[in-house]
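Colleague: Using the hints provided, position chains B and C relative to the given structure of chain A.
Chains as they are written, first to last, in the working numbering: chain A, 1 to 486; chain B, 1 to 402; chain C, 1 to 305.
For the record, the hints were derived by calculation from the structure and aren't laboratory data.
Yeah, the Cβ is synthetic: ideal placement off N, Cα and C, and Gly gets one too.
No incorrect hints appear here.
On the chain A side, residues computed to face chain C include the following (Cβ under 8 Å): (1) 157; (2) 161; (3) 173; (4) 176; (5) 299; (6) 303; (7) 424; (8) 460; (9) 466; (10) 474; (11) 475.
Each chain, letter by letter, is given below.
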Amino acid sequence: MSTKGEEPPVTTDRPESAAVGVDEWVARSVDRREYAPGWRGDAQRLWGRVGWWPRLAVAALIGAAVPLLTVNDFQLQVGINALLLALLALGLNISVGWAGLLDLGYVAFYGFGAYSFALLSSNQIGGGVHLSAALSLPIVAVAAACLGLLVGLPSRRLIGDYLAIITLFFGEAFVEFTNNVAPSTLGGPNGIVAIDPIKVLGQQITTNKGYFYLLLILLVATVAALHLLDTSRTGRAWRAVRDDPLAAGLMTIPVNRVKLMAFSFGAVVAALAGTVFAAQQISVFPTDFDTPFLILIYAALILGGAGSIGGAVLGGLLLSVMLDGFLRSPTQSGYLFYGVILLTLIVKLRPWRRLAAVLVGTVAFGFAVHAIAKAISANAVAGGPQSGGWIANAVHDWVVVPANATRAGNIGFVLLLCLVIALVQVKGRWRTILLVPTLYLAACVWEGRLVAVPAITRQLLIGAILIVMMNARPQGLLGSKRVEVV
Amino acid sequence: MTIRIPEEEVSGVKVRTITALIAAGAFIVGCGSSSSSSTTSSATTSAAASSGGASKSCAISIGMEGPLTGPVAVLGQEQLAFAQLAVKDDNAANGTHISLVQGDTQLNPAQATTVTQQFISNPKIVAVVGPAGSQEVLATGPLFGRAGLAFISGSATNTTLTNGKNPTFFRVVSRDDVQGPEDARYVVAHLKPKALMIVDDQEAYSTGLVSSMIPVFKSAGISVDHESVSQKVTDFSSLVAKVTPNTTVVVLPWQVAANGQQFGKNLAEQHKKAVIFGTDGLQSSSFTIPGSYVSAFGPDIKAIPADASIAAAAAQVYPKYGTFGPPVYAATHVIDQAIASVCKSGQTPTRANVLAAIKSTDEPTSILGQPIKFDAHGDLVGAKWFLFKINNQGKYVLVTNT
Amino acid sequence: MHFFVQELVNGLTQGSLYALIALGYSMVYGVLKLLNFAHGDLYMVGAFIGYFVIQWFGGSTALSVPVPLVLLVMFLLAGGGVGALGVAIERFAYRPLRDAPRIAPLITALGVSFLLENTMLLLFGASYRDYNTSAFIPFSTGIHVGPLDIDLARIMVIALSVILMISLTLIVSRTALGKQMRAVASDREAAEMLGINVDYTIAATFFLGSALAGIAGVMSGLVFNEIYNLMGFLAGLKAFTAAVVGGIGSIPGAMLGGMVIGLAESFVTGYISSTYTNLIVFGILIVMMLVRPQGLLGRVPLEKV
Chain A
1 MSTKGEEPPV
11 TTDRPESAAV
21 GVDEWVARSV
31 DRREYAPGWR
41 GDAQRLWGRV
51 GWWPRLAVAA
61 LIGAAVPLLT
71 VNDFQLQVGI
81 NALLLALLAL
91 GLNISVGWAG
101 LLDLGYVAFY
111 GFGAYSFALL
121 SSNQIGGGVH
131 LSAALSLPIV
141 AVAAACLGLL
151 VGLPSRRLIG
161 DYLAIITLFF
171 GEAFVEFTNN
181 VAPSTLGGPN
191 GIVAIDPIKV
201 LGQQITTNKG
211 YFYLLLILLV
221 ATVAALHLLD
231 TSRTGRAWRA
241 VRDDPLAAGL
251 MTIPVNRVKL
261 MAFSFGAVVA
271 ALAGTVFAAQ
281 QISVFPTDFD
291 TPFLILIYAA
301 LILGGAGSIG
311 GAVLGGLLLS
321 VMLDGFLRSP
331 TQSGYLFYGV
341 ILLTLIVKLR
351 PWRRLAAVLV
361 GTVAFGFAVH
371 AIAKAISANA
381 VAGGPQSGGW
391 IANAVHDWVV
401 VPANATRAGN
411 IGFVLLLCLV
421 IALVQVKGRW
431 RTILLVPTLY
441 LAACVWEGRL
451 VAVPAITRQL
461 LIGAILIVMM
471 NARPQGLLGS
481 KRVEVV
Chain B
1 MTIRIPEEEV
11 SGVKVRTITA
21 LIAAGAFIVG
31 CGSSSSSSTT
41 SSATTSAAAS
51 SGGASKSCAI
61 SIGMEGPLTG
71 PVAVLGQEQL
81 AFAQLAVKDD
91 NAANGTHISL
101 VQGDTQLNPA
111 QATTVTQQFI
121 SNPKIVAVVG
131 PAGSQEVLAT
141 GPLFGRAGLA
151 FISGSATNTT
161 LTNGKNPTFF
171 RVVSRDDVQG
181 PEDARYVVAH
191 LKPKALMIVD
201 DQEAYSTGLV
211 SSMIPVFKSA
221 GISVDHESVS
231 QKVTDFSSLV
241 AKVTPNTTVV
251 VLPWQVAANG
261 QQFGKNLAEQ
271 HKKAVIFGTD
281 GLQSSSFTIP
291 GSYVSAFGPD
301 IKAIPADASI
311 AAAAAQVYPK
321 YGTFGPPVYA
331 ATHVIDQAIA
341 SVCKSGQTPT
351 RANVLAAIKS
361 TDEPTSILGQ
371 PIKFDAHGDL
381 VGAKWFLFKI
391 NNQGKYVLVT
401 NT
Chain C
1 MHFFVQELVN
11 GLTQGSLYAL
21 IALGYSMVYG
31 VLKLLNFAHG
41 DLYMVGAFIG
51 YFVIQWFGGS
61 TALSVPVPLV
71 LLVMFLLAGG
81 GVGALGVAIE
91 RFAYRPLRDA
101 PRIAPLITAL
111 GVSFLLENTM
121 LLLFGASYRD
131 YNTSAFIPFS
141 TGIHVGPLDI
151 DLARIMVIAL
161 SVILMISLTL
171 IVSRTALGKQ
181 MRAVASDREA
191 AEMLGINVDY
201 TIAATFFLGS
211 ALAGIAGVMS
221 GLVFNEIYNL
231 MGFLAGLKAF
241 TAAVVGGIGS
251 IPGAMLGGMV
261 IGLAESFVTG
271 YISSTYTNLI
281 VFGILIVMML
291 VRPQGLLGRV
301 PLEKV
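The shape of chain A in the complex, shown without the other chains (with noise of 0.2 Å):
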């Protein structure tokens, strides 16, 4: 087993030393991954070689530098949505990444935050109570901890998809609490306005900046703070219950007491971010925490890669910067359209041959159908694109948009849905013919139909996007696949 020092290596991949609880061949997976060839793999090694804190400092660093690129308030929102929906996405990681625990009624910690700061900073109960954040942030984090410890006591009966129903009901209650009982403390459906913003050294924060520097600040230390608790004896004690929950009890660890404090620390998280949350926009209501924003949450936690930190952060800003940042504006839904499909085309089909045959076929068949349209009748390209800019005006006579363009957009929408179901039955030559007619029918649409109506487009291209993510890489972007003992 030990080797001397004059013995040539042993070069079998047998592990030297039996550490208990680990499989080393299995958690050498990560020391046999091949590195890319050329600069790609020098990058990741020397990335590899740098350590977590550096890392963090970096990201720190360029977080902190994005209000200075930023040049107006609405993009400044976008980062505060951005960071709000990380910092969620960390705190749920906790139970459902690290723990295993579904919890369905996360976005209620949220709002259990948000709603005790705003009543601690407000005039809503008696006089008014304004106390400073100095003293209503730890309150409001230690009442949370305790409501956490309060929601995951079932967890000491139920496993699974039973203890997900009861937390789910936990979420539907608080929004129907908060709605429905004593309208007079808790504002009913009006919810609580004019709170207090944040005071910190002094300073009242006011602007967006100053409270994206608070949120960026808060999500370093979050960040921080679970990569100790990770690398930790609970995090490992996360990681075992997850895994098989018998096994680890019977090494000793307290598994309900472990189930606990997943609940209690994801609800501080849930906590800090519903404060700052209030504090920014000055109110809170019933409906700022309904379940569509828990759906929001766990697509930023599962999109980034459930049990990462870095896969949290990073699905929650990239889902609300697309979401809130992209979205919402018509001209960079259509870049994100037209970008992701080539995009798409680009790295999928190989070899180049074949993409280029692929596009110039369906640049030449859109003018070819255009013009037989146009000679078939007037009335077939009457509508022109929808919209204005530069795209718009590029592709006017290579899109066919007919007179009535609502109604044959519609029939074209659902032919498109068709076509791409068709594509991924096919297989080989005939998926490559296939993707001329379906990209020109989905620029058409695009132009003549979703454009017009852009919140519609919006929420279909979040489906769209859900489904696309998700089969492309169902372990997340920085999640690890796991190694399944069946």
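Modeller: Chains B and C only, in chain A's frame:
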């Protein structure tokens, strides 16, 4: 026992590289083009010219905030259709080139804040129509105020919105504290129930009306059964079973007409004789229970001869419109006229001068069948509310308006 | 007394619908361990298909063919159409993720849900559509004993739900397909090794579950009249609750869970207060779950160590 080993992670690198490239490119593109505005012209107007002859062609944008998707999309889409119609009509009448920028709030105040920030950061937007809900106005009022951006709502009726805290807020509808008690007094005087049931739909609009109506009922000695259902509920049989024979009136201050229709059907199904007294949202072609009363903040534009062309155009675009569309048409029209008057005087429309022009609006007539003038706090002077009764053919008949 | 029966009937109607949707949920979960959040939206699509069948035959006030024929066509088209849609969704969105961690298909299902809801919004607009059932199934039919009023549509819904549930239970327990479904639900790899065509079985499961949801959608339209593009969201949540409360993976459990929730809602609204209905029902369900953690009819899961 088999072990499944994860595939080579090389493709993961590709994904990461691409994601990084997308994110970087997106950021650059985003930064680059966010500083210039992004506008969507309505289907008929051409792309807006942004420099030079702005004051001549009056090419500027206005924003429209509403619940375009989500649970009350039925209201938001109606509002959007009417806003687009107003822009189209006014551009044709005044020779302006105003374009409408949409923002979807899903009736969620946090999203409303984001959309409002987007509008504020867009220098081409000089005024905003919306938001639709009182909660959203509460959440976004300070932002609009700080930016000096005028915003006119066609459906936010909460009384506190015009208490002076929102200097750039206007509305073209009457308030809860006027409509609520007036409706209640009408019910007491004309319908004379001994007992009634009043059901709110757990939205701010509804609870506001309910809290202003119940005292009037109670002081008239009527026994009141206060119930509450969510807007998402579509069956009311359990609630209807609670309607006693003494309960001759059911008050439904709801936003969704189809729910009211279903309530009426449940009443008929269980042979209950109660009469429905609904407000605002129920004034729609989706609600046609004979014998019902509907009190609305918007008129029935089909009954106003001057509005015939608008009604016809609206029927083409959004056949099943109700009470939420016409006020938004009026609000958009006010903004369009303000912009047109600024352009006519030779200036370029800015937020400040459009706000001033809106403040001094003095339209002798409007789609609402009444003149439009705002008081110091932004309320419509002489805002009427309209009471309809539905006759046996399902048609709305005006009973009174004050 | 009649108030009690009235609330009972209301609860049974609502409960049968929840039960039907919960059945589909449970079936798919049993076979794939997948929480299909798009299931509620399949119910919505079924309701719309039924609506358009009525319009095709002339509209609710002027049907050109006898009512039973209209109903039959509605149910068949909705069942078949939504079943096919379910199979397509499975093939397109869920099959690539069959070996992925359990949480990944959750997000895909959410994506499918967004797509379905907003496609309907895009194609048909936001206005609520009205079946206007009382125009072709008048209120005068049905049971009217004294102060008790039960509409024929409701009786039909309850009866049909019971028939469907019994048929489904028979299919799962007596037929070869049912046996294959149970085998795949129990251990997919072993079933595959035994020669069962797993892809086909899963597709059949999706077809049956989605068809049930589609039929439930038509029934919902018949009884509750108004349909809109987001009606599936709440129904899906309630059905998920019903499936879990009854014991997830258990078909009789899903039915029981749906009935329990429907009845609880009805009675709490009727006897206590409609304002706190949801809160109280949640409380009841929490207590039930704590008392019986594996669900009403669920089996305590055996863990192989």
